[in-house]
Amino acid sequence: MKLVKNVSVLLTATAVVGMLAACGNSNDNNNAGASGTAGASGSASATGTASAAPEKLKKISLFQSKVEIAEPLEKLADTYKKETGNEVEVWGSAGDAYMTQLQAKLAAGEGPTIFSVGTGAEAEKLKSYYADLSNEPFAKNIAPDMALKDGDKIVGVPYGVEGFGLVYNKSLIDPKDVKDVDALTKALEKFKAEGKNGLSLSQEAYFLIGHIINTPFALQADPTGFIDKLNKGEVKMADTKEFQEFAKVMEAIRANAVNPMEVKYDSQMGDFATGKTAMVHQGNWSYGMLKDYGDLGFDIGMMALPIAGNDKIAVGVASNWVVNNKADADQVKAASAFLNWMLTSDAGKNAIVNEFKFIPAMTNIDAGDLDPLSQTVFEATKAGNTIPWALNYFPQGIIVNDLAPAAQQFFLSKDMTGEQFLQNLDKAWANGAK
Amino acid sequence: MNRASRTTVSTLLIALALAFLSPIYLMLVNSFKDRAELYRSALALPSSYSFQYYSKAMDKMNFLTAFGNSLYITIVSVLFVVVLASMTAWMLVRTDDRLSRIIFLVFVSTMLIPFQTLMMPLMQVMDWIRTTLHIPMLNTRGGLIYMNIGFHASMAVFLFHGFIKSVPVALEEAATLDGCSKFGVFWRIVFPMLKTITITVAILDVIAMWNDYLLPSLTLSDKALRTIPLSTFYFFGEFTIQWNLAMAGLTLTIIPVVVFYMFAQKYIIKGIAAGAVK
Amino acid sequence: MSKNNKGWFALFTAPLLLVFTTVVILPFIIGIGYSFVSWDGIPANPKVFVGLDNYATLLQDERFLSSAWRTIEFTVLALVLVNVLGLAISLLVTMKLRVSNAARTMFFLPNLIGGLILGYIWQFIFTDVFKFLGDKTGLDSVFFNWLIHPQTALYAMVIVFTWQMAGYTMIIYIAGIQGIPDELGEAARVDGANLWQRLTRIVFPLLMPSFTICLFLTLSGAFKIFDVNLSLTKGGPNNSTELFAMNIFNEIFGYGNYGLGQAKAIVFFILVAAVTLTQVVITKKKEVQY
Chain A
1 MKLVKNVSVL LTATAVVGML AACGNSNDNN NAGASGTAGA SGSASATGTA
51 SAAPEKLKKI SLFQSKVEIA EPLEKLADTY KKETGNEVEV WGSAGDAYMT
101 QLQAKLAAGE GPTIFSVGTG AEAEKLKSYY ADLSNEPFAK NIAPDMALKD
151 GDKIVGVPYG VEGFGLVYNK SLIDPKDVKD VDALTKALEK FKAEGKNGLS
201 LSQEAYFLIG HIINTPFALQ ADPTGFIDKL NKGEVKMADT KEFQEFAKVM
251 EAIRANAVNP MEVKYDSQMG DFATGKTAMV HQGNWSYGML KDYGDLGFDI
301 GMMALPIAGN DKIAVGVASN WVVNNKADAD QVKAASAFLN WMLTSDAGKN
351 AIVNEFKFIP AMTNIDAGDL DPLSQTVFEA TKAGNTIPWA LNYFPQGIIV
401 NDLAPAAQQF FLSKDMTGEQ FLQNLDKAWA NGAK
Chain B
1 MNRASRTTVS TLLIALALAF LSPIYLMLVN SFKDRAELYR SALALPSSYS
51 FQYYSKAMDK MNFLTAFGNS LYITIVSVLF VVVLASMTAW MLVRTDDRLS
101 RIIFLVFVST MLIPFQTLMM PLMQVMDWIR TTLHIPMLNT RGGLIYMNIG
151 FHASMAVFLF HGFIKSVPVA LEEAATLDGC SKFGVFWRIV FPMLKTITIT
201 VAILDVIAMW NDYLLPSLTL SDKALRTIPL STFYFFGEFT IQWNLAMAGL
251 TLTIIPVVVF YMFAQKYIIK GIAAGAVK
Chain C
1 MSKNNKGWFA LFTAPLLLVF TTVVILPFII GIGYSFVSWD GIPANPKVFV
51 GLDNYATLLQ DERFLSSAWR TIEFTVLALV LVNVLGLAIS LLVTMKLRVS
101 NAARTMFFLP NLIGGLILGY IWQFIFTDVF KFLGDKTGLD SVFFNWLIHP
151 QTALYAMVIV FTWQMAGYTM IIYIAGIQGI PDELGEAARV DGANLWQRLT
201 RIVFPLLMPS FTICLFLTLS GAFKIFDVNL SLTKGGPNNS TELFAMNIFN
251 EIFGYGNYGL GQAKAIVFFI LVAAVTLTQV VITKKKEVQY
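These protein sequences, in sequence, are chains A, B and C.
Residue 392 in the numbering used here sits at position 392 of the first sequence, and the numbers go up by one each step.
Residue 181 in the numbering used here sits at position 181 of the second sequence, and the numbers go up by one each step.
Residue 217 in the numbering used here sits at position 217 of the third sequence, and the numbers go up by one each step.
Some hints could be false.
[What the hints assert, rightly or not] Chain A stretches covered by chain C per the calculated footprint, using a threshold of three residues with CB under 8 Å from any CB of chain C:
hint	region
1	101-108
2	277-287
3	403-417
These aren't lab readings, by the way, just hints derived from the structure by calculation.
Don't be surprised by glycine CBs; every beta carbon is placed ideally from N, CA and C.
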């Protein structure tokens, strides 16, 4: 038998397995920590527009959580390359898979150069990765109190501001008629009698409890201090007035509105767009969904959740751009240059406002042509007429893992009182905070 | 069986099969609807059959590049899995000692480990390989192929192992007496008899690798490297999905595998008919 | 083993073992190491050795314990349903009917639809379509939103899993059935055995290897189920359908308790491995060599 030949075939096969990994060598020049050479291909393709950038910067990567802006961001990176000759590789991730992928990529030493982090617990967790951006030219343009900080250092730039409250159908309800919990309850009873859904929540954890429970937290004199005390078990939601009013609202919703457990975000907005629902507890982002329904035939607005005299919508920064300090110095430099370009050039500013549809949180960027919900959020922000997003400071994972199950239980049991609900929430909080 | 009962069985079978396909009906009809129409009725047939969402999905997904990546990664991975796993399984079956029993049990028991618990350490091992051996395992097609082989090894070895046991040893012994090396015995005598199971393994692995999202999402970052499932991410927001594009994208994803399956299935039946197994 | 044979053994098994070790075994061992550590999963953050603390914690974690029970319940139901259906279908489509080929492909199709979107499609079926059917037929004790009741939500997951896996096991059973020589069945028929006798006395015993494989594959698939869980119920309502893999995932990536999540994985792995390996050993013993 042809032993020699056969063995050599096998050895080739084995060797190929070992070498397979080497096939893709050329794709590896763009990662933090990887020892790639400064994009030689990039300089070759800088076609005559080098006037804007005399300096050739290292290729960087950008990874971020908001799927909705993925495509415009890729286009912006193309424009950037055309204008400056520098390259930004935009990575993508679906829906809520972002944090998992980011964590895995950081563990692999393949972290992106620029990435996004949620304000609050998430930002805190990742803070050993942030490069100091305090001295970057764009830092001074960040709107007051909007920068992501580590001590005194500015480490993150806000995406923009977002706001949530009661999004309502102006032809069905007048904000003047729902100024407090009693009035709101009466309105819900009236809608129920008319066969309409007065106020709709939906089954997703944030839309079921995460956002709506923000209000009683934000109304505390010192929301983060209150959260600290709650974590230590020194206060109870069940003993706090704002939460008791919140529980009344939840009881009124359970008694008079469609069970939120039966409603998905898609159907929630569909019912609202077709006039079957008068109010939804949602944010300005939901306009993206409404516009798919064409002309609604009525005007919409956003108002405050009227508990404990609250007349303000909740506005905050959901995500921030940060630069990975584990990338090499050249990449950090290139990353700052890109952020600076995005936040100061006309092309960048235009993309932020008109393509990403962000409500800018930079003093040097004017709001564009805003949709009605974003307009409300923008005006409230300018007037300082807002309550904060206390939920950013909740212990990590607590909304999905602890508060949502408690809320599900509440909506699925007919006889749980609001007080019992608050006690359950206290219990869930204690579990999630430990 | 007489003709009447044949007809009854056939009818039942098709009815059951159609019931099985009802979710796929939903996938197809809703790939033609906009959000408002989907909201009005997800069950109804679409009001128009325009392929705009298909072409939009293909465009956004950069379909041809993604298709090429998926094809390359899947084919190479499956070839390696089939070749290496059948060789390994044969040795494990024919060498009846403690070592091979232990190796087999290790293969089998690792099938019970949820991938989620392996992914972070896996990334660290790959990082270690990159920094010490200078082989780029991440963000390369080759690296993903390597990991695909590792993750699909267990099941393939398990399937081959079960099948090889029922292959008579006598032929192999005769060939050995004729002076065949182990290598010759395996490739000339044994492997041809494994046709059915080889195709079964190939089908199962092709599907698993073609549809895989999680592992590629961790290892491939660059746009140019994205596989088909990876490139559908544009349609999946955190709270909502662009249903029409997602359904169209999914349909586009599975068509190649359906074609492959129908082809492979014919091959199995032919192989049986030709008496290749026994 | 002679020296020569050892060489061949190494040559045949080493390539795969090398890949397998670096991709699966090594990460798993590192994972065991992490189970003794307190860490939030962010590489740059400190890892603190805590000994057996994580194991002590998980024993008191009621949510984990109930999740383990639900996983077992789910697995048993899925195991039975998937294999009964898969076997029945494979017997039907190997009867050489004119529709067999078409039916095979149709049953296999669900298997091709992986990932999250499958869960979303079924979510729509269990909520909207079921309510619609309930309204139309008046059978609202059967057709209601299955996903908002703890028990029916679990059954819903069993159904989706079965829908997906039945075609998968079908393929393996078909491979087994076609390996059975036709003459055996013919001979029995001539001897006057009825269909049931032919199945139980001839087909099933000869299918033992296929049973071993299918039972094990279903078992491992069911224990590890994650995608369907995430997209269909997200573990709700009230964590009642949070199965094992999802519980670990939430611990690791939700709460950021990496070590505790790993400890859970190890404990469950040991339990499951003990059960399933016993199963494999038992059914292997029943296999007929022919």
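Here's how the hints hold up against the structure:
1. As drawn, the region 101-108 of chain A meets chain C at 3 residues by the rule of a beta-carbon pair under 8 Å; at three or more, the given contact holds.
2. Counting residues of the region 277-287 of chain A whose C-beta lies closer than 8 Å to any C-beta of chain C gives 0; at least three are required, and the coverage claim is violated.
3. Interface restraint, the region 403-417 of chain A with chain C: holds (6 residues with C-beta to C-beta distance below 8 Å; minimum three).
Violated hint for the displayed structure: number 2, the only one.
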